[in-house]
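K.L.:
Listed below are the residues making up each chain.
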Amino acid sequence: MNSIGEECTELKKKYDDCFNSWFSERFLKGDHDDSMCAGIFKVYQECVKKAMKQQSIDFKEVDKDVLGTDNEFKVPPSESSS
Amino acid sequence: MARYYENTTTFNYSWEQVARGYWKRYPNPQSTHVLSEDTWSRQVKDGCLYTKRLLTKTNRVPKWGERFFSAKSVKIIEESVVDPDKKVLVTYTRNLGYTKVMSVVERVEYRPSGPGQTIAKRSAWIDSQVFGFSRAIRAFGLDRFRKNCNQMVSGFNHVLQGMFPRAPAAHAPPVAHALKEMREAAAAARATASALAPVQRS
Numbered sequence: 001m002n003s004i005g006e007e008c009t010e011l012k013k014k015y016d017d018c019f020n021s022w023f024s025e026r027f028l029k030g031d032h033d034d035s036m037c038a039g040i041f042k043v044y045q046e047c048v049k050k051a052m053k054q055q056s057i058d059f060k061e062v063d064k065d066v067l068g069t070d071n072e073f074k075v076p077p078s079e080s081s082s
Numbered sequence: 001m002a003r004y005y006e007n008t009t010t011f012n013y014s015w016e017q018v019a020r021g022y023w024k025r026y027p028n029p030q031s032t033h034v035l036s037e038d039t040w041s042r043q044v045k046d047g048c049l050y051t052k053r054l055l056t057k058t059n060r061v062p063k064w065g066e067r068f069f070s071a072k073s074v075k076i077i078e079e080s081v082v083d084p085d086k087k088v089l090v091t092y093t094r095n096l097g098y099t100k101v102m103s104v105v106e107r108v109e110y111r112p113s114g115p116g117q118t119i120a121k122r123s124a125w126i127d128s129q130v131f132g133f134s135r136a137i138r139a140f141g142l143d144r145f146r147k148n149c150n151q152m153v154s155g156f157n158h159v160l161q162g163m164f165p166r167a168p169a170a171h172a173p174p175v176a177h178a179l180k181e182m183r184e185a186a187a188a189a190r191a192t193a194s195a196l197a198p199v200q201r202s
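Chain order of the listed sequences is S and A. Under the UniProt record's numbering, think of the first position of the first sequence as 1, with each following residue one higher. Under the UniProt record's numbering, think of the first position of the second sequence as 1, with each following residue one higher.
Keep in mind the hints are simulated off the structure, nothing from the lab. Keep in mind that a hint or two might mislead.
Only pairs whose alpha carbons sit at most 25 Å apart, straight line, appear in this in silico SDA-like list of lysine to any residue [unchecked claim]:
(1) K24(A) x E109(A)
(2) K29(S) x V90(A)
(3) K57(A) x G155(A)
(4) K24(A) x K100(A)
(5) K24(A) x F68(A)
(6) K29(S) x R146(A)
(7) K100(A) x A120(A)
(8) K72(A) x R146(A)
(9) K49(S) x R25(A)
(10) K13(S) x W23(A)
(11) K74(S) x A2(A)
(12) K87(A) x A2(A)
(13) K14(S) x R146(A)
(14) K60(S) x S113(A)
(15) K49(S) x I119(A)
(16) K53(S) x M1(S)
(17) K63(A) x T32(A)
(18) K57(A) x K29(S)
Build the full structure now, drawing on both the sequences and the hints.
P.N.:
And the structure:
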């Protein structure tokens, strides 16, 4: 898959590979130390943020959390239970 | 009022497999509309993995919708939480920008259901605030979402199949191989026998 910034795609692939093996081999097995991919993530992030800035993406909107907050949409009660 | 839609899908893969496959969903033959995918933030908190990703997708709208939606692509924010102990993966997706024209919010919860099976409960809210057109836009959005659902599922299944080949498919080649070997051995034996036959006769 491509990155939003063409120049970041190589970094993204490297990071994704690292993340996917961390997720399978460590995280799902109970090891929650996420330092394994921290280095490559930082470099990749810098690239993506620069690319997003060039495309004038609103960082504030992206940063906003919805999942797990009061703003999250709630599933309406089903008809059988109401 | 936003239009609400929900459906449930069962994947014939364990929850761990679905969770692992989730990050590799794109690209797949059904995802040609997904242009890019990036991780914006990621952290482990209280044993759960929180991720926020930014996706860009092509924006396919009918002719009448072009006056509201001229953008060729749309940006999507995907938040997710993976709880490996409770075995729950929740994803929450919303479009970035153009939310007054049409906002599509999708929440999917993946949980184990029986051995080697995962159930995905999908909820979606589709809204529009364009005066005089909101009903039509909501109906269009809902219809497009419904159609995309099937594609999402078959695309995800395609990726899962590639990562974790199904048992019958995995067993088929060895059986076929064994049969081929047996046939070859039989043919070789016949050839040997017929070669030997004249010798024995004489």
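K.L.:
With reference to the structure, classify each hint as holding or not holding.
P.N.:
Going down the list of hints, with the structure as the test:
1. With a C-alpha separation of about 17 Å, the suggested pair K24(A) and E109(A) falls inside the 25 Å cut-off, and the hint holds.
2. Using a Cα cut-off of 25 Å, the hinted pair K29(S) and V90(A) holds, with the two alpha carbons roughly 19 Å apart.
3. About 15 Å separates the Cα atoms of K57(A) and G155(A), which keeps this hinted pair within 25 Å; it holds.
4. For a cut-off of 25 Å, the pair hint linking K24(A) to K100(A) is broken: about 31 Å separates their Cα positions.
5. With a C-alpha separation of about 33 Å, the suggested pair K24(A) and F68(A) falls outside the 25 Å cut-off, and the hint is violated.
6. Simply put, K29(S) and R146(A) have alpha-carbon atoms about 35 Å apart, too far for the 25 Å limit, and the pair is violated.
7. Using a Cα cut-off of 25 Å, the hinted pair K100(A) and A120(A) is violated, with the two alpha carbons roughly 28 Å apart.
8. Distance check on the hinted pair: K72(A) and R146(A) sit about 21 Å apart at the alpha-carbon level, within 25 Å; holds.
9. Between K49(S) and R25(A) the CA atoms are separated by roughly 23 Å; this keeps the pair inside 25 Å, and the hint holds.
10. At roughly 12 Å between alpha-carbon atoms, K13(S) and W23(A) fall within 25 Å of each other, so this suggested pair holds.
11. Taking the CA atoms of K74(S) and A2(A), the gap is near 12 Å; set against the 25 Å cutoff, the hint holds.
12. For a cut-off of 25 Å, the pair hint linking K87(A) to A2(A) is broken: about 30 Å separates their Cα positions.
13. Proximity of K14(S) to R146(A) is assessed by CA-CA distance (about 34 Å); at most 25 Å being required, the pair is judged violated.
14. The straight-line distance between the Cα atoms of K60(S) and S113(A) is roughly 38 Å, outside the 25 Å bound, and the hint therefore fails.
15. Between K49(S) and I119(A) the alpha-carbon distance is near 35 Å, which puts this suggested pair outside the 25 Å criterion.
16. For a cut-off of 25 Å, the pair hint linking K53(S) to M1(S) stands: about 20 Å separates their Cα positions.
17. For a cut-off of 25 Å, the pair hint linking K63(A) to T32(A) stands: about 21 Å separates their Cα positions.
18. Straight-line distance between C-alpha atoms of K57(A) and K29(S) comes to about 33 Å, which puts the hinted pair past the 25 Å bound.
Of the numbered hints listed earlier, those contradicted by the structure are 4, 5, 6, 7, 12, 13, 14, 15 and 18.
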